[in-house]
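Chemist: Spelled out from the first residue to the last, the chains are:
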Amino acid sequence: MASTQDKKPEAAQGFVYLPLIAGWLVPGAGHFLLRKWGRGALLALSILGMFSVGIAMQGKLYAGAHDILEMLGLAGDLGNGLLYIVSRAAGWGSDQVTITTGDYGTRFIVVAGLLNVIAAVDAHNLRTGRKA
Amino acid sequence: MFRPSHFAAVALFALFASVVFGITQRETPRRMIRYGLYCFVLFVGSAIVISWLMFLIAR
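Keeping their order, the protein sequence lines are chains A and C.
All the letters of the first sequence, read from the start, carry residue numbers 1 to 132 under the working numbering.
All the letters of the second sequence, read from the start, carry residue numbers 1 to 59 under the working numbering.
Only chain A is shown next, with the shape it has when bound in the complex (with noise of 0.2 Å):
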């Protein structure tokens, strides 16, 4: 009979979720820590292309909440872990969008967040045993 016992790895010793918050840190992290280097590699690639190009578009960073979308915005923009930290620092996305492609970049960035989080449950669903 093929249980779910029957799939869990070497696991359950460390800290579970080391992936999971290494990888919301730094795009593909998490799949580094568990060794799965080129699914890593693809992830941080596209996490950091799709940031890089929302960048490079003018897109806007979420600074504030003040109302429910800039809540949203900023809940996805947080998605991107240091990235986003490192990018408010340098002072980048700060800049008011005057253009359509400033604006398409705003949502780059924020899908980067959300596609990073997606990312790092999977690490965290690999450490666990759930996924193979």
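Bear in mind the hints are in silico, worked out from the structure with no lab data behind them.
It cannot be assumed that every hint is accurate.
Coverage of chain C stretches by chain A, computed from C-beta distances (three or more under 8 Å per stretch; other residues unrestricted) [stated by the list, open to error]: (1) 23-34; (2) 41-48.
A few chain C residues that don't get close to chain A, going by computed Cβ distances all over 12 Å [unchecked claim]: (3) P4; (4) V20; (5) Y38; (6) S51; (7) W52; (8) L53; (9) F55; (10) L56; (11) I57; (12) R59.
The C-beta atom is built at its ideal place from N, Cα and C for all residues, glycine as well.
Model the placement of chain C on the given structure of chain A, informed by the hints.
Modeler: Then chain C, alone, in the frame of chain A:
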């Protein structure tokens, strides 16, 4: 500053999102590639179809 065309922006968005979806939503490499391609085609295809619909409605 990077100013891609609308279609280039769609293609870039679809590429990055499809890679993440493929890796995170499937378990084997073969199925990851297939699902990633499927997502990419759906992203770009639906953008083209909706664009044509909007063009025809606006006429």
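Chemist: State for each hint whether it applies.
Modeler: Hints versus structure:
1. Proximity of the stretch 23-34 of chain C to chain A, defined as three or more residues with a beta carbon under 8 Å from a beta carbon of that chain, is established by the 3 residues found.
2. Coverage of the stretch 41-48 of chain C by chain A is violated [criterion: at least 3 residues with CB-CB distance below 8 Å; count 0].
3. Against chain A, the non-interface label of P4/C is violated: not every CB pair exceeds 12 Å, the least being about 7 Å.
4. Taking the minimum C-beta to C-beta distance to chain A, about 4 Å, the non-interface status of V20/C is violated against the 12 Å cut.
5. Every C-beta of chain A lies more than 12 Å from that of Y38/C, the closest at about 16 Å, which supports listing it as non-interface.
6. No beta-carbon of chain A comes within 12 Å of the beta-carbon of S51/C; the shortest separation is about 15 Å.
7. Interface exclusion of W52/C from chain A stands, the closest Cβ pair being 20 Å apart, more than 12 Å.
8. Residue-level check passed: L53/C sits 20 Å from the nearest beta carbon of chain A, beyond 12 Å.
9. Every CB of chain A is more than 12 Å from the CB of F55/C (nearest about 17 Å), matching its label as outside the interface.
10. Annotated as non-interface, L56/C keeps its C-beta farther than 12 Å from every C-beta of chain A; the closest such distance is 22 Å.
11. With 12 Å as the threshold on Cβ separation, the claim that I57/C sits away from chain A holds: the shortest Cβ distance comes to roughly 20 Å.
12. At roughly 22 Å from the closest C-beta of chain A, the C-beta of R59/C stays outside 12 Å, upholding its exclusion from the interface.
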